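Visitor: Listed below, chain by chain, are the residues.
Number of protein chains: 4
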Amino acid sequence: MSKYNVAIVGATGYTGSELVRILINHPDVNITAITSESRKGELFSDVHPQFKDIFDLTLIGIDDLEEEGLDLVFLALPHGVSMDFVKDNHHKSFKIVDLSGDFRLSSKAVYEAWYQKDHHFEQGFDQTVFGLPELYRKRIREGRLVANPGCFPTSAILALAPLMKEGIIDKNQITVDSKTGVTGAGIKSKPNTHFPMVNDNFSAYGVKSHRHTIEIQEIVGKYANSEATVLFTPHLLPVDRGILSTTYTKPTREISTPELEKIFREYYENEPYVRLRSDLPNLKQVRGTNYCDIFTTYDDRTNTIITISVIDNLVKGAAGQAVQNMNIMLGLDETSGLHISPLQP
Amino acid sequence: MSKYNVAIVGATGYTGSELVRILINHPDVNITAITSESRKGELFSDVHPQFKDIFDLTLIGIDDLEEEGLDLVFLALPHGVSMDFVKDNHHKSFKIVDLSGDFRLSSKAVYEAWYQKDHHFEQGFDQTVFGLPELYRKRIREGRLVANPGCFPTSAILALAPLMKEGIIDKNQITVDSKTGVTGAGIKSKPNTHFPMVNDNFSAYGVKSHRHTIEIQEIVGKYANSEATVLFTPHLLPVDRGILSTTYTKPTREISTPELEKIFREYYENEPYVRLRSDLPNLKQVRGTNYCDIFTTYDDRTNTIITISVIDNLVKGAAGQAVQNMNIMLGLDETSGLHISPLQP
Amino acid sequence: MSKYNVAIVGATGYTGSELVRILINHPDVNITAITSESRKGELFSDVHPQFKDIFDLTLIGIDDLEEEGLDLVFLALPHGVSMDFVKDNHHKSFKIVDLSGDFRLSSKAVYEAWYQKDHHFEQGFDQTVFGLPELYRKRIREGRLVANPGCFPTSAILALAPLMKEGIIDKNQITVDSKTGVTGAGIKSKPNTHFPMVNDNFSAYGVKSHRHTIEIQEIVGKYANSEATVLFTPHLLPVDRGILSTTYTKPTREISTPELEKIFREYYENEPYVRLRSDLPNLKQVRGTNYCDIFTTYDDRTNTIITISVIDNLVKGAAGQAVQNMNIMLGLDETSGLHISPLQP
Amino acid sequence: MSKYNVAIVGATGYTGSELVRILINHPDVNITAITSESRKGELFSDVHPQFKDIFDLTLIGIDDLEEEGLDLVFLALPHGVSMDFVKDNHHKSFKIVDLSGDFRLSSKAVYEAWYQKDHHFEQGFDQTVFGLPELYRKRIREGRLVANPGCFPTSAILALAPLMKEGIIDKNQITVDSKTGVTGAGIKSKPNTHFPMVNDNFSAYGVKSHRHTIEIQEIVGKYANSEATVLFTPHLLPVDRGILSTTYTKPTREISTPELEKIFREYYENEPYVRLRSDLPNLKQVRGTNYCDIFTTYDDRTNTIITISVIDNLVKGAAGQAVQNMNIMLGLDETSGLHISPLQP
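Protein chains in written order, with my numbering: chain A, 1 to 345; chain B, 1 to 345; chain C, 1 to 345; chain D, 1 to 345.
Keep in mind the hints are simulated off the structure, nothing from the lab. Just to be clear, a hint being listed does not mean it is correct.
Which copy is meant is left open, because identical chains are indistinguishable; a pair holds if it fits in one copy or across any two.
[Claimed, not checked] List of simulated lysine-lysine pairs, DSBU-like, C-alpha gap at most 35 Å:
#, residue 1, residue 2
1, K165, K138
2, K250, K165
3, K262, K92
4, K92, K208
5, K40, K208
6, K190, K262
7, K190, K208
8, K262, K95
9, K3, K250
10, K117, K190
11, K262, K40
12, K40, K92
Remember, predicted model here, so these are calculated numbers, not experimental data.
Let the hints inform the model, and build the full structure from the sequences given.
Guide: Structure representation (structure tokens):
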């Protein structure tokens, strides 16, 4: 079988280098092009020296991207930049997995309210599938444009979806307390990612206003054909990778821990990348991999369902999920190229 | 003025070394004895080498503790051990600040249910004052036996007390999501504090069952002359020191962020160790100090009050608060010896 | 082609879990057994939960190891324990890669002097090949018993071997200043690996007496048919994985940086796991992989050759190199199963 | 006694905030002004929020600095900026402690060669005293302009000075392998101080060319009335604070560890901030303090003297030493304001 050809547009960031890390061992796919406007002409391993002697393609400008024979493009571009590429290329023969937030929400209006940015391609919202395979596998299979979910939303939605779908929780009392590693902030250094600011430290950020709030809220609502209200508070951990989300919800009927576990088992038992845990999961148990590990329990003292999920924000929260989506879109085995074991310790 | 004489019983752990760190610069107090059963006869700086040439008292056994002239004893003993010292010494001439959990709860029955341990001195519960100066300063002043609050409870109660007292939140919908540094687990190495288990990692622990749950719940309830139900979930951070608690509560009447800030200001404006913050606090901003920094806000979208507090678990969460209590009990300036600035970075 | 069958004796430590991580993706090998005396009967993923749903073999006792059809055994046992397995099994039909230090040195006498332990199988020293493929590939190919090198020695010897072989450095003025991650100390928690002891901290250890000193010294000497004297100082980094060794040597003739680089290039240009770097390498650039990255330079101001090497102590310094040795011993492609990209960040 | 008045010129960086941390508890000194060009008009606690309610002076521009009544100025300015202030103010009535590198070296020529910058005030070199009290206390006492030593040089020179002065080591075979925390790079975020670049990572930098090389070499030479050649290699640790320097030197006569210890004892026994250690020191044992802890040993196998020193780069390596110098210059007790115990853990 000849391999599929894919390109990575915007390969100098963390999601770009993660896509390369995964795809170079993928048996069914060739990376035929990687682009960067700021560093075109340089070797990939000049930008990401860990790839020396492993992957040495030269970065090209987006205008030099050869479309012929191209099967799929990953957009690893900043929010607000992706939309222009999509606008110009949505009618081309290649499929697109967009890792930015530009097409994850329901409409231009919602996007502009939460991203504080104009949106240039309103039609894109209709053409896009939200790329969370556990919820929308069928649509992804047909999709030509997939919006890869945000990292926090991936962790939160997988923790909430069974509860929402079953209709057993109060849809307006959903609290998601999330903690993320620093790579979620991107490869560019900023004052708040300066090592002495983060190391041995911890804080909340984006309280009440983080953009992923609306993404979680819209998707869990839509998935349950309902409205929902989600409170989401992110915190910054002194770790590289990983998100742990602790979700608190209120049952609308009598429930027990075993029943909760049964519900989650029924939803996820055939899912290759959701692992239900009876013990408490930690970040390193999924590090470098596409797994989402989930623990759920009912606290009768406070009548609360606590569900804890962990992912690697750069893998299941970005590049790994993008490859999973690609596998589905290209008709490949969904796990192809994703047989990676956690790097623990 | 002659100085007061104090002893530290159980000086080989982290709270013991923190008490020494603070007290050796205290202008009104002498450390006259430090005890340890396992390492008696050794120099303090053999156990804690950072104190070489700074503090070189020899550790003695508790049986060799000279009571004459002793004004106050700090008990830095494990839970379950403190109670025996108190039982044997509560009638002596010296006062006691107990840093363990043995007398923080309301009764022997509650203690035994949550600590899974027999309690040997039931009468102690009546004689004890809960040593949170911001709530119980007057009683501490009269107290002869003060139970120094737990680290998580200190952070959570200070975040919740004004809301409870004002009666503006639903007392049965209190969620405390806390994140702590590893020193909270003590100086003894265990599998779950092995560096490669914690570093670059994060997890929840003690879900639904942590002992500090009941301490928070009882105190915030009692302070508001009411019952309360508190959900408390601790998490382990890859940091040495510090607790950040994110609390979620539901208002029982209309509220706004400015009004919340006003309430907190009224409660805490004369408190030397509570700093109200209009920006989001982080752990290092209080590291090494007795401060509790608090941020509060109202989210109208979800009708939730979010209050975030940070402390250094070994200082305001243990040794610093113990010295603050000692100052009050001995009639000293409450801030004496506690003029320490945060070590940031 | 049918696969080879291998067993891991002592699979509960870090080298055991790393062997599994690598071998489960190896195309030519099956793990047929994993052993542990302390945890036999348990699932591998009970001991290493990150492997849940990935690798779920049950740990067996060593006495239950089925020898028939077994092609190779990895010994991931502590020093002093391996030797007994080797003594009892060196004549069996399977080959052995011993990851302990029991057969790396030249003789029983040297071993006993540096390891402060009796050695029970003196004949083993003659039968053993030192498993550093870059130096001893041919002998490894014929070997039935391979002593997998220590982690520090791997990093130091690869940095020194070309200089020694060329005879261009003073063999009695070799200084190796090494810095290692904590996993080098094993999976068992100890006071000096307690998180608050290591985090945000740094120290030297084993000064003048670390066992790897003699391993480095003997091998670099032997490789150059000469005697050598090596000064080796290890330090403990607050990181999980990785060793960086900074070596200082004195040239015995005129030299320049370009000439040094040429020498290293000639030695290593066909080596799949040595990457010569013109910029300064860091630990994460090899994390999770079998690479050793090397930088070399000549400082004419002080007449010193500085060579800096980095490895992942658990991979090129242990399990990865063991698999590389296995590949050679079994006649497989040397890189089989080792196509792993660095986890950076 | 009325207090001395001091100003901090350039108070927005780490050395500025450390000077404040120390000086606000100093019994003999008032901070009367703090300056910043970029943030003048703001409160100090806007820039360094940890000082909220502790120190709330407003930053002023340097042109608004009131000279009358000013006793001493700390220059916490970048290299290349300090020299202009000194040029304009060296004849004023206040004394100056310059924390930059502008006047530490022997001459304009040497400075320009190693700093790659023009020097505008050549006469300053003659008027300056190198502010290492352990070597130059007398001159500091008379000095009006003191160049506060670099952080690496402080750690290295204290480790080497006794050996140099005694003339027992080969002055041209001095190797200093140093490891520093990230605060040494300043408060400004840069790509190489981005958290995911440093965390769980380690690398060398500035190999052969770091500016502190010449500072160490000149001072240890001058102190021994001799020439010296020093090889210095810095490395970047994933820690906030602290420098550990491992120095390797060659004895020129027979020596032993006890004799070495005796020599160091004789040099440093009355020094308030040098602690000789018989066990191996670590960074946290001096964290936040003005101590330099030193361990020395002789390795007869390799005929090498190994001396290991640790300091807090922001305290003994910067602000603490500056206060120590100020105390000497103003005729105060040298330890005034510096009674700070290590923050360990």
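Visitor: Which of the listed hints are broken here?
Guide: 3, 4, 8, 9
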